[in-house]
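Chain C is already provided as a structure; the job is to place chain B on it using the hints.
Residue numbers (our numbering), protein chains in the order written: chain C, 19 to 343; chain B, 534 to 903.
Treat the hints with care, since some could be wrong.
To be verified - Chain C regions said to be covered by chain B (calculated; three or more residues, Cβ under 8 Å):
| hint | segment |
| --- | --- |
| 1 | 107-113 |
| 2 | 259-268 |
| 3 | 304-311 |
| 4 | 314-324 |
Unchecked claim - So, partial list: chain C residues that the calculated Cβ filter (under 10 Å) puts toward chain B:
| hint | residue |
| --- | --- |
| 5 | G121 |
| 6 | T123 |
| 7 | Q132 |
As the list claims (entries may be wrong) - Here are the simulated distance ranges between beta carbons:
| hint | chain 1 | residue 1 | chain 2 | residue 2 | range |
| --- | --- | --- | --- | --- | --- |
| 8 | B | I775 | C | F303 | 41 to 47 Å |
| 9 | B | M882 | C | E337 | 16 to 22 Å |
| 10 | B | V695 | C | G134 | 30 to 36 Å |
| 11 | B | W724 | C | T129 | 25 to 31 Å |
| 12 | B | R708 | C | D143 | 50 to 56 Å |
| 13 | B | A856 | C | V195 | 41 to 47 Å |
| 14 | C | G134 | B | I809 | 18 to 24 Å |
| 15 | B | L738 | C | F201 | 57 to 63 Å |
| 16 | B | I552 | C | E337 | 28 to 34 Å |
| 17 | B | A574 | C | V220 | 51 to 57 Å |
| 18 | B | L738 | C | F303 | 42 to 48 Å |
| 19 | B | G582 | C | Y183 | 54 to 60 Å |
Derived from the structure by calculation, the hints contain no laboratory data. For glycine and all other residues, C-beta sits at the position ideal for the given N, C-alpha and C.
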Amino acid sequence: MDFLTVLQILDSSVRLATPLLLACLAGLYSERAGIFDIGLEGKMLAAAFFSAAIAYTSGNVWVGLVAGISTSLVLAGIHGMASITFRGNQLISGVAINFLAAGMTVVIAQTWFQQGGRTPALMGDARFQEITLPGAESTIRGIQSQGPLGQIYSELISGHSILVYVALAIVPLTWWVLFRTRFGLRLRAVGENPAAVDTAGVSVVRARYVAVMLCGVLCGIAGAYLATALSAGFVKDMSAGRGFIALAALIFAKWRPWYALMACLLFGLFDAVGNRFQNIQVGEFVVPVQFMQALPYILVVVVLAGLVGKAIPPRAGGEPYVKER
Amino acid sequence: MEKMPKWADVILIPLISVILALFVSGLVVLYIGENPFEAMAIMIRGALGSAYGWGYTLFYATNFIFTGLAVAVAFHARMFNIGGEGQAALGGLGVAVICLTIPWPHWSLALVAACAGAALFGAAWAAIPAYLQAKRGSHIVITTIMFNFIASALLVYLLVNVFRVPGSMAPETARFPEMTHLPNAGDIAPWLGFRSSTPLNISFLLALLACLGVWLLIWRTRLGYEIRAFGHSETAAVYAGINPVKIIMVAMLISGGLAGLMAINAVMGEAERLVIDSVQGAGFVGIAVALMGRSHPVGVFLAALLFGVLYQGGAELEFEMPAVSREMVVVIQALVILFTGALDNMVRMPMERLFLSLRRRESGQETPAE
Numbered sequence: 019m020d021f022l023t024v025l026q027i028l029d030s031s032v033r034l035a036t037p038l039l040l041a042c043l044a045g046l047y048s049e050r051a052g053i054f055d056i057g058l059e060g061k062m063l064a065a066a067f068f069s070a071a072i073a074y075t076s077g078n079v080w081v082g083l084v085a086g087i088s089t090s091l092v093l094a095g096i097h098g099m100a101s102i103t104f105r106g107n108q109l110i111s112g113v114a115i116n117f118l119a120a121g122m123t124v125v126i127a128q129t130w131f132q133q134g135g136r137t138p139a140l141m142g143d144a145r146f147q148e149i150t151l152p153g154a155e156s157t158i159r160g161i162q163s164q165g166p167l168g169q170i171y172s173e174l175i176s177g178h179s180i181l182v183y184v185a186l187a188i189v190p191l192t193w194w195v196l197f198r199t200r201f202g203l204r205l206r207a208v209g210e211n212p213a214a215v216d217t218a219g220v221s222v223v224r225a226r227y228v229a230v231m232l233c234g235v236l237c238g239i240a241g242a243y244l245a246t247a248l249s250a251g252f253v254k255d256m257s258a259g260r261g262f263i264a265l266a267a268l269i270f271a272k273w274r275p276w277y278a279l280m281a282c283l284l285f286g287l288f289d290a291v292g293n294r295f296q297n298i299q300v301g302e303f304v305v306p307v308q309f310m311q312a313l314p315y316i317l318v319v320v321v322l323a324g325l326v327g328k329a330i331p332p333r334a335g336g337e338p339y340v341k342e343r
Numbered sequence: 534m535e536k537m538p539k540w541a542d543v544i545l546i547p548l549i550s551v552i553l554a555l556f557v558s559g560l561v562v563l564y565i566g567e568n569p570f571e572a573m574a575i576m577i578r579g580a581l582g583s584a585y586g587w588g589y590t591l592f593y594a595t596n597f598i599f600t601g602l603a604v605a606v607a608f609h610a611r612m613f614n615i616g617g618e619g620q621a622a623l624g625g626l627g628v629a630v631i632c633l634t635i636p637w638p639h640w641s642l643a644l645v646a647a648c649a650g651a652a653l654f655g656a657a658w659a660a661i662p663a664y665l666q667a668k669r670g671s672h673i674v675i676t677t678i679m680f681n682f683i684a685s686a687l688l689v690y691l692l693v694n695v696f697r698v699p700g701s702m703a704p705e706t707a708r709f710p711e712m713t714h715l716p717n718a719g720d721i722a723p724w725l726g727f728r729s730s731t732p733l734n735i736s737f738l739l740a741l742l743a744c745l746g747v748w749l750l751i752w753r754t755r756l757g758y759e760i761r762a763f764g765h766s767e768t769a770a771v772y773a774g775i776n777p778v779k780i781i782m783v784a785m786l787i788s789g790g791l792a793g794l795m796a797i798n799a800v801m802g803e804a805e806r807l808v809i810d811s812v813q814g815a816g817f818v819g820i821a822v823a824l825m826g827r828s829h830p831v832g833v834f835l836a837a838l839l840f841g842v843l844y845q846g847g848a849e850l851e852f853e854m855p856a857v858s859r860e861m862v863v864v865i866q867a868l869v870i871l872f873t874g875a876l877d878n879m880v881r882m883p884m885e886r887l888f889l890s891l892r893r894r895e896s897g898q899e900t901p902a903e
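Here chain C stands alone, though its shape is the one from the complex (with noise of 0.2 Å):
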């Protein structure tokens, strides 16, 4: 396996990390406020659709992603008022959005595209392009010719649609948004203890709104860059689990920004080299692709069984809360 090899398989880990990222980061905003949300695959399945839908009809990917991340941050109204409003519960309100969101794409798409539940493929402005940042090779033949510096930037740097390099963003940004502002100093707190929070003045009910909404719209954006960035097009069921990997990787870095991603590059890349490779000899043994597959719950389950240092959540995750009377 020579070098550009490797560096074509971490370049593919980017690109199916990117979207595990996002996600991961919407279910680190809702549960860091105590809105525990396995709701993330449907929120993000919703999305692609309607964004795939809307940049196909308006021609214009960006129309198409601000259409997912309205489907998202609707789906996500639904999630707070049954789990903020109406003090239900939050696993199973998350359930039935994984249940509504799959349904109602398939439905809607065979009545707009009559496609047997797809989108037409994407072309041109519709989707999001390769961004090929400036003194980088954009051709096979032109990244060969260079140096391994010059290899990393054109092959693993440059190349990405805008949304990987929004999605990168985003770490810092959150990060500092919870860690050192006093937006987050709440929402953190209304995940710990709510009830102090409340008796410092501060609504209870609004900063989890707030976190949830936030979810939303990240959870659009993933959703967006599965069907209009990493793939031209909906197709049935195009998350595949992505949201469970999300929600895998947020307890894998224990609710933290910085090891989130560190998380879903590692998934990421566990996603590229089962791409790649079917089955990996190592020594005697085969690796069958689908271990690689489950690898990330296995890897889970661990971490939750303390195995690997221990799995905390937000003390009142997924508790409604309730003014004293």
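Below, chain B alone, put in the same frame as chain C:
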């Protein structure tokens, strides 16, 4: 004092929630440009209008009874077992191992052994999340979700690399031997109009037995009492000398076993071989069924029947109204979960207020203040 009479809690609220869910589904059908009442008529006719329809409706209902009971038992111990999908998949593996490795002389013996195998494999798949919840406090919802994905990868691996018939491309096991084929409704009750190809089989009776068994377990045994006590208040249960580790483990093992038993119907009764994705989402339907049935076996039975109608009727609907895709059933399922589960308080709060005001008017001025 109860805020509402019992019948309102058990019947009225679920009924209103389901009507709300169907109403919103009707709006979706209307948006697609079809008549929702006509769609409903097609679904009911398709599901219940012929022996053919009943054969499929009750077949689906059998699956949903098992997965619904599985979720319900865990609910009684206040646990959310979202892993029915994976546990049922493993149950299928158990059935396949039993049916393929031992030459059974008669289907009844094979059925007993396959039940044991299915329940054992299903329970084993629930055992690790249960142990982690009981001993390590890892959230059961997260671990069971992860185990669904691990189960799916494991089954693909086994079907492709271990069980696949040599020379065949299809990732499925060989057909089970003749002697393990369960009698279906066509064999048992041909006078009702069932054909020999109907998927409804003797597992339906098994599902009814399971309903009875769960009722006896939860409301008529000491263990069931302990499970319910634990579900109501963990601290009170511990104070009363109930061992939380034991209750979590036992409740989840029973839950996993019930989910695994679904494979008797789907794998042994219908497909007669193990294929990829033999569960087809029934594990998740179980969540809707248990929520709607208020975790009571009778409720689970009725809700499973309703979902059987929806699944079979949905297939007919797609045939007669091509504009309405089959996924409409998933939308209805989602709305039922949303309204009966997550938005329960949206219906409950106004109803409680209504009943309180009714009661106040009845009692007049006798008790003006508390």
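Evaluation of the provided hints:
no.	hint	verdict
1	107-113	holds (count 6)
2	259-268	holds (count 4)
3	304-311	holds (count 4)
4	314-324	holds (count 7)
5	G121	3 Å, holds
6	T123	8 Å, holds
7	Q132	9 Å, holds
8	B:I775 with C:F303: 41 to 47 Å	45 Å, holds
9	B:M882 with C:E337: 16 to 22 Å	19 Å, holds
10	B:V695 with C:G134: 30 to 36 Å	33 Å, holds
11	B:W724 with C:T129: 25 to 31 Å	43 Å, violated
12	B:R708 with C:D143: 50 to 56 Å	53 Å, holds
13	B:A856 with C:V195: 41 to 47 Å	45 Å, holds
14	C:G134 with B:I809: 18 to 24 Å	20 Å, holds
15	B:L738 with C:F201: 57 to 63 Å	60 Å, holds
16	B:I552 with C:E337: 28 to 34 Å	30 Å, holds
17	B:A574 with C:V220: 51 to 57 Å	53 Å, holds
18	B:L738 with C:F303: 42 to 48 Å	46 Å, holds
19	B:G582 with C:Y183: 54 to 60 Å	58 Å, holds
Comparing the model with each earlier hint shows a violation of hint 11 alone; every other hint is respected.
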